[in-house]
Amino acid sequence: MTHHGSCHCGAVAFDLEGDVTDAIDCNCSMCRRRGGLLAFFPREALTLTTPESNYRTYRFNKEHLAHHFCPTCGIAPFSEGADPRSGAKMVAVNVRCLEDVDLSSLKVSQVDGASF
2 MTHHGSCHCG AVAFDLEGDV TDAIDCNCSM CRRRGGLLAF FPREALTLTT
52 PESNYRTYRF NKEHLAHHFC PTCGIAPFSE GADPRSGAKM VAVNVRCLED
102 VDLSSLKVSQ VDGASF
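All residue numbers for the sequence shown refer to my numbering, where the first residue is 2 and numbers rise by one.
Bear in mind the hints are in silico, worked out from the structure with no lab data behind them. There's no promise every hint is true.
Unchecked claim - Straight line, CA to CA, 25 Å or less: simulated DMTMM-like cross-link-like pairs of lysine to aspartate or glutamate:
id, residue 1, residue 2
1, 63, 81
2, 90, 45
3, 90, 64
Claimed, not checked - Using C-beta positions, here's what the derived DEER-type ranges look like:
id, residue 1, residue 2, range
4, 115, 23, 27 to 37 Å
5, 103, 16, 28 to 38 Å
6, 48, 9, 13 to 23 Å
7, 89, 58, 17 to 27 Å
8, 81, 23, 11 to 21 Å
9, 84, 48, 27 to 37 Å
10, 52, 108, 26 to 36 Å
11, 87, 10, 16 to 26 Å
Since we're looking at a predicted model, the values are computed, not measured. Idealized CB from N, CA, C, for every residue including glycine.
Sequences and hints are given; from them, build the entire structure.
Laid out in structure tokens, this is it:
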């Protein structure tokens with residue numbers, strides 16, 4: 002299934018290939034403030050439909066993840082990094098930025114990211 006996602010103003014937009022059934026609610030200092038629900042996919046599942054130059058990137062702590070956000074509306078629709086176990090490139094999509102996902106249907110797991 003293909004999902005369309007974007008920031009609020011649409012300057013950062015993408016298509017995501019895959020089923021969205023689960024999400025994590027992380028309590029790290031970033032996620033706690035941002036309020037996103039994250040679903041993880043292989044990096045190749047996400048295709049930008051707007052230029053990379055439309056977003057900015059923020060890194061913190063150990064700088065393993067590139068948190069991308071829109072400089073116009075401030076929404077952070079996805080982050081990129083590598084799976085710590087395999088090294089495979091992955092993407093963490095904020096499922097709140099996907100137009101057609103019913104958030105109430107997701108299995109949401111709590112993650113203690115503050116302890117990482």
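query: Can you name, in rising order, the numbers of the hints this structure does not satisfy?
result: 4, 5, 9, 11
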